[in-house]
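Here are the chains, one letter per residue:
Protein chains: 2
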Amino acid sequence: MLEDITDVKIKNSSLEQLKELAEEARQKIISTVMKSGGHLSSNLGMVELTIALHYVFDFPRDKVIFDVGHQCYTHKLLSGRYDKFDSIRQFGGISGFPKREESEFDCYNTGHAGTSVSAALGIAKARDVKGEDFAVIAVIGDGSFNNGLIYEAFNSLRLLNTHILVILNDNGMSIAPTVGSMHEYLEILSENIEQKQKRDRHAKIFERFGFKYDGVYNGNDLGEMIDKLTEIKERLKTESVILHVATKKGKGYAFCEENPEITHGISACGSNGICEYSSVLGKKLVEMAKNDDKIVAVTAAMTSSLGLSEFFEKYPERSVDVGICEEHATILCASMAAQGMKPYYAVYSTFLQRSFDEIVIDICSQNLPVTICIDRAGVSGADGETHQGVFDLSFLSMIPNLTIAVPKDVAEFERMLEFSATFNAPLAIRYPRAGRKVFREKSEIVSGKWETLKKGGGKYAILACGERAITLALKASKVLGESKIEVSVVNARFVKPLDEELLSELKESVVITVEDNVLIGGFGALVAAYLSESGKIVKNFAFPDKFIPQGGISELMENFGLSSENIVGYILKNENR
Amino acid sequence: MLEDITDVKIKNSSLEQLKELAEEARQKIISTVMKSGGHLSSNLGMVELTIALHYVFDFPRDKVIFDVGHQCYTHKLLSGRYDKFDSIRQFGGISGFPKREESEFDCYNTGHAGTSVSAALGIAKARDVKGEDFAVIAVIGDGSFNNGLIYEAFNSLRLLNTHILVILNDNGMSIAPTVGSMHEYLEILSENIEQKQKRDRHAKIFERFGFKYDGVYNGNDLGEMIDKLTEIKERLKTESVILHVATKKGKGYAFCEENPEITHGISACGSNGICEYSSVLGKKLVEMAKNDDKIVAVTAAMTSSLGLSEFFEKYPERSVDVGICEEHATILCASMAAQGMKPYYAVYSTFLQRSFDEIVIDICSQNLPVTICIDRAGVSGADGETHQGVFDLSFLSMIPNLTIAVPKDVAEFERMLEFSATFNAPLAIRYPRAGRKVFREKSEIVSGKWETLKKGGGKYAILACGERAITLALKASKVLGESKIEVSVVNARFVKPLDEELLSELKESVVITVEDNVLIGGFGALVAAYLSESGKIVKNFAFPDKFIPQGGISELMENFGLSSENIVGYILKNENR
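Quick note, the sequences are listed as chains X and R, same order. If you want this note's numbering, it's the position in the first sequence, counting the first as 1, plus 10. If you want this note's numbering, it's the position in the second sequence, counting the first as 1, plus 10.
In short, the hints are calculated from the structure, not lab data. Since the model is a prediction, treat every value here as computed from it, not as a measurement. Do not rely on the hints blindly, as some may be mistaken.
For chains that are exact copies, the list does not tell them apart, and a pair is met inside one copy or across any two.
[Unchecked claim] DSS-like, lysine-lysine: derived pairs with alpha carbons at most 25 Å apart:
#, residue 1, residue 2
1, 300, 140
2, 304, 488
3, 304, 140
4, 324, 140
5, 304, 247
6, 459, 556
7, 261, 447
Only chain X is shown next, with the shape it has when bound in the complex (with noise of 0.2 Å):
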């Protein structure tokens, strides 16, 4: 039934077809992602739900937003890419977020928290404006409804003067379990699920922003969410709603219910040979802290994936995790700083950008010795375009007072975390997921020196930052050197500030820069910006102006021009001219 299914025959189903049909999407993802990858748990929960929102509501004309957007795999099984769906997070393949691009069914791409009812505000304000009529539905994760965003929109819900239908998905559950006093009132709430006057006063607050309230009911019961979204979608011409639904995170799939932390993102590749860089990091923070009373490190709902278990377990008071809060982890960072503390902020290097601001204005601003551990940093592979962490270079470097580190292996980042122990201003330091290779070099790290890896004496000198780079410069000199052509390579493992005194004496005319970071306002346009009144060549390689979109790591690589055979193909052609 899934194979062909439409919205139409949806709507012509029974209850028990469709809960075939739910069974039968919820095999197809569990099959999908076992193979391929992807967020199973949160997908297996909304199954039942999305289903009952195609019944419902009449898609693409309604319009539904799904907030961070891993969870709309049955939307997609439902609205025409079933055919494609095996492709789904691979290159070429479709998306595991909502694409406009995609579909007609997808009317607005997410892929980072809290989005979703800002969004569905501004479809909703539009549709007022052109005085068309249809419904606008944000679906999101209680894990979202703690960041700032949310607040914001619920603000201005009155001062739009327009209807929206805001379902809370409520599982519990970030990547890690939910955290905060919003989350502890969605819980009473849920307790109060049998006290309806009770729970009504308790419900005053969204009442306050001009939502009406409804809840709590059963996410994974069709029949109870067919009959109570029909009822909404009447409601929905005069007023809005927050729809309060729970849900079972990784529903009928046993091991995902009972390790919902585990199952979020699953990765599809083995794992033999690979270091983890937040092992790394958890390892050697919990070491320094036992010495160091000063030392606390902070989250925004990832500990377990950058590597802090350990450290939360030993040090709770030193432990903080405030939920999906960036920009408000970032401040009490920079303020724990200004009292004398050492604050280690872990992060992901895409939601990094949400507290661009207070990177410049809390911690650099203030010159405070905050260390930003950003991780999945270059591309990230199969998020795709909101998820690959290929900007950190270019919006950090401009930044007054920040010094950037870039790793070679992890045993260089170990002695980067003990470099930064004394280090007494804001640090970044930044790396991929997970590494392959520890190089044999193991010099000292001082601020603004690198590092030679390989001595050439010839005209080219490639200068190479993080691991990925340095693995493709190292390649290309080897092959070079086959045909006598002798090529410098030195690990540039601080973008800021550059070596300078190294960039002054290079002997080489050709300066040849790679990095896994785009192109503008990255480490190579900052040795091109140094050397331009040189009179030396600058190539880089980097990553075009583009967004990159899902792939593997080192497919992503090659399809845009990230491979060692470029770099031989440049110099070749540059010494045949």
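Assemble chain R onto chain X, guided by the hints.
Structure of chain R alone, referenced to chain X:
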């Protein structure tokens, strides 16, 4: 009494003496601000509350954080800065905002809205970890209270298991009157000032987050404030408190009380010959909106200072002011654009930083036709480090799909707005507050096409970006012309895309770039990177990698190396090599 005031003297004063002190402080603030410019009405409203804080608490042992920070003048007068007060907001003088580097009485620098509660929590958390004992107070206006950061901070109070005092200084104003449901809610609390029971029931929102609510009190009544704060000081040992006070913005100065929006920031200099970019924006948008019913104007609490008052009056249904919620405003624009509207988001350069992630993900990764009108770009003057608009070209130019235009004068700005009407992709137009010049040239605006203002024929070309840079370039070229050194001058009015055709055909061997943005990641760096393989010499004039302090516009430009003399000097030195 104010001249040599200390907290000890304050504590030993009678209420009558303190009232005299308040009067003296008020007069000092009025006379200073009328001379030097600055935030008048917000400071006049804060006099009694600040004196009461200094009477009751023990600064600098206890800590107070002022949200945004421009209401700290009385605090500065009471904490040893009376002597330097005349230098406030001037180059080399004391800041109009709290600055740790200025006094130990300032524990945390602020400048952008909504950070104070997070910072208070971080400071309190550090105190707890270190086993110290002092009070931590955040003073926040109802305008900032709209910002999502407040919700994130409130949501984590219980989690952090600490105690702070939040003083909600309610004057019903952001810079414009405060909007939104939270504001209406605060009004309800204020109206119920005489009905304690009803009010307490209303105050439940704050209790949910772990705060005891106490209010509303008269923040301009010194005796009441002292009594209340004395009582709360004790309570802070075991609980967190929100003290809701009402103050009158502009208190004690009739003109301000009647016109609080006008006097929020007062400009010190005269206005002859100066054109405001904001009035051009306002007039042009009103005109364009007549024929294009898709045009919407969006602002975050800045309607009047961005020139949008007339638009808001004429097209209320197409006008959105969401209060100080830059992130939400940005997503509203993206989502309205996704529904076929044509949104214009007007914002100060420095506050644009807040929505960096939403510009990347919501606007640009979806390639939506939102026009961002960036006012106060370049150095903005007396507000200093936290308000300079010198980063925007850097953090915007790295974003794929974004076109960045920089008009050379108000006339060109108007034509760029016309150009934007049919431009179907993300566009940023960046301009200073005001300009003095309208240049003669008026060539058609085409994306990525520059305009040659002067053909040299020699070996030097100056590529200048924006009015301030072009003024310097033309002046330098004129001076050099007198020494028979011919220099081309180009109006580089698109920072992205660069005019690659013009760059490739450049005959000149020395390319000089001029801009009022930081060097790193800015316009000059883009040019240097583009020409890095050309063998040409590229010399960049831009702001250095520093936070630029307060001062006059030309004073700051000159002090940081942006002068026609320096350009002339560079070329002469190059000639004599």
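Each hint tested on the structure:
1. With identical chains, the CA atoms of residue 300 and residue 140 are at most 25 Å apart between copies only, with a shortest distance of 15 Å across copies and 62 Å within one.
2. With identical chains, the CA atoms of residue 304 and residue 488 are never at most 25 Å apart, being 45 Å at best within one copy and 59 Å at best between copies.
3. In this assembly of identical chains, the alpha carbons of residue 304 and residue 140 lie at most 25 Å apart only when taken from different copies (8 Å versus 57 Å within one copy).
4. Only between protomers do residue 324 and residue 140 lie at most 25 Å apart by alpha-carbon distance; the minimum there is 17 Å, versus 57 Å within a single protomer.
5. In this assembly of identical chains, the alpha carbons of residue 304 and residue 247 lie at most 25 Å apart only when taken from different copies (23 Å versus 55 Å within one copy).
6. For the homomeric pair residue 459 and residue 556, the shortest alpha-carbon distance between copies (21 Å) is at most 25 Å, but the shortest distance inside one copy (31 Å) is not.
7. Taking the closest pair of Cα atoms, residue 261 and residue 447 never come within 25 Å of each other, the shortest separation being 39 Å inside a single copy and 66 Å across copies.
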